[in-house]
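2 protein chains.
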Amino acid sequence: MGKALTIALDAMGGDAAPEMVVRGANIARERFPEVRFLMFGRKADVSQFLDRKKRLKEVTTLVHTDDVVSSKEKPSIALRSGRNSSMRLAINAVHAGEADCVVSAGNTGALMGMAKFVLKTLPGINRPAIASFFPTMHGESVMLDLGANVSCDAENLVDFAVMGNAFARSVLGLLQPSYGLLNVGSEDTKGHESLQEASNILRGSALPGEFLGFVEGDDIAKGTADVIVTDGFTGNVALKTAEGTAKLINEYMRHTFRSSILASLGYLLARPAMRKLRQRVDPRGYNGAMFLGLNGIAVKSHGGTDALGFANAIGVAVDMHRHGITEKIRSDLALLDRGPGKAQVAAV
Amino acid sequence: MGKALTIALDAMGGDAAPEMVVRGANIARERFPEVRFLMFGRKADVSQFLDRKKRLKEVTTLVHTDDVVSSKEKPSIALRSGRNSSMRLAINAVHAGEADCVVSAGNTGALMGMAKFVLKTLPGINRPAIASFFPTMHGESVMLDLGANVSCDAENLVDFAVMGNAFARSVLGLLQPSYGLLNVGSEDTKGHESLQEASNILRGSALPGEFLGFVEGDDIAKGTADVIVTDGFTGNVALKTAEGTAKLINEYMRHTFRSSILASLGYLLARPAMRKLRQRVDPRGYNGAMFLGLNGIAVKSHGGTDALGFANAIGVAVDMHRHGITEKIRSDLALLDRGPGKAQVAAV
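Those sequence lines, one after another, are chains A and B. Quick note on the working numbering: the first sequence kicks off at 1 and runs consecutively. Quick note on the working numbering: the second sequence kicks off at 1001 and runs consecutively.
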């Protein structure tokens, strides 16, 4: 059993909140006996589910607030009018040192906006990024940014490389992670200028791990690199394209197995193996987008997740805390040589 | 049987050329009895395969040239030093009116560079785009640009929308195709400024079909839109990410069916249905990237394709010609209202 650790939960975030959040926290409690919870939300709504989970209730402090950030709210509006929202109070708890991490299944843009405003970025980082795991031929890799920053310059991409690299070394436990910049070809002259600049900086850096230069879209699933670095626009499209493709093939499969009696019989025989396959590509297993580059740990669960997926998102936060991801990013930034201005900031 | 139609083939392009090209042309000859071929390549190399196909030989004129554009050649170099290459001569044949379309499985960048240089873009189009089919939940859709233009402004995106729309109406036979701009969210304020500008122009245009505004990565496979418009960087990454994801799931499947005796038995029973599934997602069925926006029809086959895939690429060229895609794009451009300068050009 590890050191005690407190997780702030936005009890009202997510399509099936607050029940899903309470049930997810209960699954996480079984997995991580050292975890305590600080839940924020409407007391009456949350209590009806929390009261049924005695052991969870013992390790949970529920703080009442009426305000909730809706999933449709624009981040800029949420930032101004959501000061007493369950989401904001959960983030505040991390800033105040009352919690070690925050997990929410609420509005992504609002969560990122608030987390950035309250927790601030690490010294030397201009913009935080959203990172997540991808299943690959060799296991899993990490990709970032998945949508926090629509436009990125070379410095941003380099920051993301540092953050992703630190994540792979700490949470994934890789000593020398490989990392690459997502591009439309592997030749040096391909792609936007910012990619070429970022590649030059990374090639000359003292970062641990192996810099692979440019990688392409099919390298994500191949597992060519442990860390895939890209701007938030491209990353978001790639993530959703992969999800859409997986769903399409799944649909084709269902159709195939129902297309004849023999095929249905075949499916029956193969069912235990198929179940394992489904587990392997179960999106709940990859639930939890990490916000990297902030003074604190924030994890975004998919809004449509169930309790199991939410528990996995809590697990990601626990992992990040245990492995000291924030400190690792901080110290890695000092290894970059990006000219005097930035380097001084990074060396603080 | 349709009107006679001549296709210029780069006999030396592709990993398995020239044998694959000759065999592919032979499959296409069976499918399209009205087609004649104009092949360019090293006579001795091509003849050894062509001589074995009597009926193909009867409808084929083989023009000798020693020069070949290598798959590794930079487009700019190929453009300068490849004046007598099989690829260039095949494109020249379209420009000279000796052929109606050109098909090559060679170097994509070189093919696009040469096609643009020789055939020129249509009046009103600044940049041609690469388009291809995607399998979806509802059949198939068209996406462009897939890599011809790394950076695109609003005008380019609008051009692509016109081109994709004309393609869907002619080749796909849709009367009112739906089309959307690929973005990271469906709200008006999302994404790059160029996307918002393009959206405004398209919303006010008289183009046939239904403009859906912004669509997201998962909409590609869902089939939300018949035409997905994006810049060449994002499109290329999305295409390759989808391909990589499909391969990954295929690999998982293979593994699953071999994981137990029951699963293997199940696979045996389901095999006929599985074969149909494989055909449905067979990349050869979707082979053939269309170059749109040029004064002439050019189709790029995948470099690693086999004869069947190459025949499909020829089929795409035949379809484009039969449906008068070039004329359709030309007339649609006149329907746009983009301010005086551009509109005049488009109205020529």
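Do not take every clue at face value.
As the list claims (entries may be wrong) - Result set (BS3-like, lysine-lysine): computed pairs, CA atoms no more than 27 Å apart in a straight line:
id, chain 1, residue 1, chain 2, residue 2
1, A, Lys-53, A, Lys-74
2, B, Lys-1222, A, Lys-190
3, A, Lys-120, B, Lys-1190
4, A, Lys-276, B, Lys-1276
5, B, Lys-1222, A, Lys-222
Unchecked claim - Covered, in the sense of this in silico footprint (three residues per stretch, anywhere, with C-beta under 8 Å from a C-beta of chain A), are these stretches of chain B:
id, segment
6, 1146-1155
7, 1262-1275
Keep in mind that the hints were calculated from the coordinates and are not lab data. If you're wondering where the values come from, they're calculated on a predicted model, not measured in any experiment. All residues carry an ideal CB built from backbone N, CA and C; glycine is no exception.
Verification of the supplied hints:
1. Between Lys-53 (chain A) and Lys-74 (chain A) the CA atoms are separated by roughly 34 Å; this puts the pair beyond 27 Å, and the hint is violated.
2. Taken as a hint, the Lys-1222 (chain B) and Lys-190 (chain A) pair is broken in the structure, with Cα atoms around 30 Å apart against an allowance of 27 Å.
3. The hinted pair formed by Lys-120 (chain A) and Lys-1190 (chain B) meets the criterion: a straight-line CA distance of about 23 Å does not exceed 27 Å.
4. With a C-alpha separation of about 23 Å, the suggested pair Lys-276 (chain A) and Lys-1276 (chain B) falls inside the 27 Å cut-off, and the hint holds.
5. Between Lys-1222 (chain B) and Lys-222 (chain A), the direct Cα distance comes to roughly 23 Å. Compliance with the 27 Å bound is thereby established for this hinted pair.
6. Counting residues of the segment 1146-1155 of chain B whose CB falls under 8 Å from any CB of chain A gives 3; the rule of at least 3 is met.
7. Counting residues of the segment 1262-1275 of chain B whose beta carbon lies closer than 8 Å to any beta carbon of chain A gives 12, which meets the minimum of three for the stated coverage.
Consistency note: the structure conflicts with the earlier hints numbered 1 and 2.
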